[in-house]
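Colleague: One-letter residues, chain by chain:
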Amino acid sequence: GPKVLQIPSHQIIDMGQMVTLNCDPVSNHLYFYWYKQILGQQMEFLVNFYNGKVMEKSKLFKDQFSVERPDGSYFTLKIQPTALEDSAVYFCASSLSKYEQYFGPGTRLTVL
Amino acid sequence: GDSVTQTEGQVALSEEDFLTIHCNYSASGYPALFWYVQYPGEGPQFLFRASRDKEKGSSRGFEATYDKGTTSFHLRKASVQESDSAVYYCALGDYTGNYKYVFGAGTRLKVIA
Chain A
3 GPKVLQIPSH QIIDMGQMVT LNCDPVSNHL YFYWYKQILG QQMEFLVNFY NGKVMEKSKL
63 FKDQFSVERP DGSYFTLKIQ PTALEDSAVY FCASSLSKYE QYFGPGTRLT VL
Chain B
10 GDSVTQTEGQ VALSEEDFLT IHCNYSASGY PALFWYVQYP GEGPQFLFRA SRDKEKGSSR
70 GFEATYDKGT TSFHLRKASV QESDSAVYYC ALGDYTGNYK YVFGAGTRLK VIA
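So the sequence lines, in the order shown, correspond to chains A and B.
Following our numbering, the numbering of the first sequence begins with 3 at its first residue and continues without gaps.
Following our numbering, the numbering of the second sequence begins with 10 at its first residue and continues without gaps.
Calculated directly from the structure, the hints in this document are not laboratory data.
There may be inaccurate statements among the hints.
Stated by the list, open to error - In silico EDC-like links for lysine to aspartate or glutamate, alpha-carbon gap of 16 Å or less:
1. A:Lys61 / A:Glu46
2. A:Lys100 / A:Asp65
3. B:Lys119 / B:Asp76
4. A:Lys5 / A:Asp26
5. B:Lys119 / B:Asp11
6. B:Lys86 / B:Asp103
7. A:Lys64 / A:Glu87
8. A:Lys5 / B:Glu51
9. A:Lys59 / B:Glu25
10. B:Lys86 / B:Asp11
11. A:Lys100 / B:Glu91
12. A:Lys59 / B:Glu91
13. A:Lys5 / A:Asp16
14. A:Lys61 / B:Asp11
15. A:Lys59 / A:Glu70
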């Protein structure tokens, strides 16, 4: 089936630094999403993005978070500055319509 | 706000047992309902969806029927295999007003051979 790629698979950074998580969505998809999953816990919606704009964001999407997809390239999640509680696996997803989403394998972010 | 409740946090079965994972939802609009499966080290994979009352979704031997009356979308499989061991997520997509996509807490299924 359609593949969503995420780069890197693991990232370790010091608290206060900036990090950018990259997502290569399915090529013809129009909707893009980020989710956060702390180890062993529920997956939680962060944000969705369509037509160059944030459509909806949750309370977890703090002011330190931002998303963009410049010129149809990677869909990115930037965290600046990072905090200890940002340690989690971040999943990117994309969809052609507002229905089924296709997920990447996740980026494990560790903030020290 | 919209929510999805999965009653079982963990389910342990033997091969060929019947599976039921309960999913109930609460939404202000008329949401689409989904089941996803997540294997260790991977992102969730779409299983199937249903968009209207009494519609049945199915895939890989799993099925669920949208029931607006009981606000449920329970996942069932007649005969589970060890390879079905994974975490199963029920989710809803609410497209009325602001678009929302909500996942349940997940149910970890372990099937013993």
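Colleague: Could you run down the list of hints and mark each one as holding or not?
Modeller: Each hint tested on the structure:
1. A:Lys61 / A:Glu46: holds, 10 Å
2. A:Lys100 / A:Asp65: Roughly 26 Å between the alpha carbons, so the hint for A:Lys100 and A:Asp65 is violated.
3. B:Lys119 / B:Asp76: violated, 27 Å
4. A:Lys5 / A:Asp26: holds, 9 Å
5. B:Lys119 / B:Asp11: With Cα atoms ~29 Å apart, B:Lys119 and B:Asp11 exceed 16 Å; violated.
6. B:Lys86 / B:Asp103: violated, 26 Å
7. A:Lys64 / A:Glu87: Given pair A:Lys64, A:Glu87 holds - Cα atoms ~12 Å apart, limit 16 Å.
8. A:Lys5 / B:Glu51: Given pair A:Lys5, B:Glu51 holds - Cα atoms ~12 Å apart, limit 16 Å.
9. A:Lys59 / B:Glu25: violated, 42 Å
10. B:Lys86 / B:Asp11: violated, 27 Å
11. A:Lys100 / B:Glu91: Status violated; Cα separation ~32 Å.
12. A:Lys59 / B:Glu91: Cα-Cα ~37 Å, so violated.
13. A:Lys5 / A:Asp16: violated, 31 Å
14. A:Lys61 / B:Asp11: Given pair A:Lys61, B:Asp11 holds - Cα atoms ~14 Å apart, limit 16 Å.
15. A:Lys59 / A:Glu70: Cα-Cα ~13 Å, so holds.
In the structure shown, a violation is registered for the earlier hints numbered 2, 3, 5, 6, 9, 10, 11, 12, 13, in ascending order.
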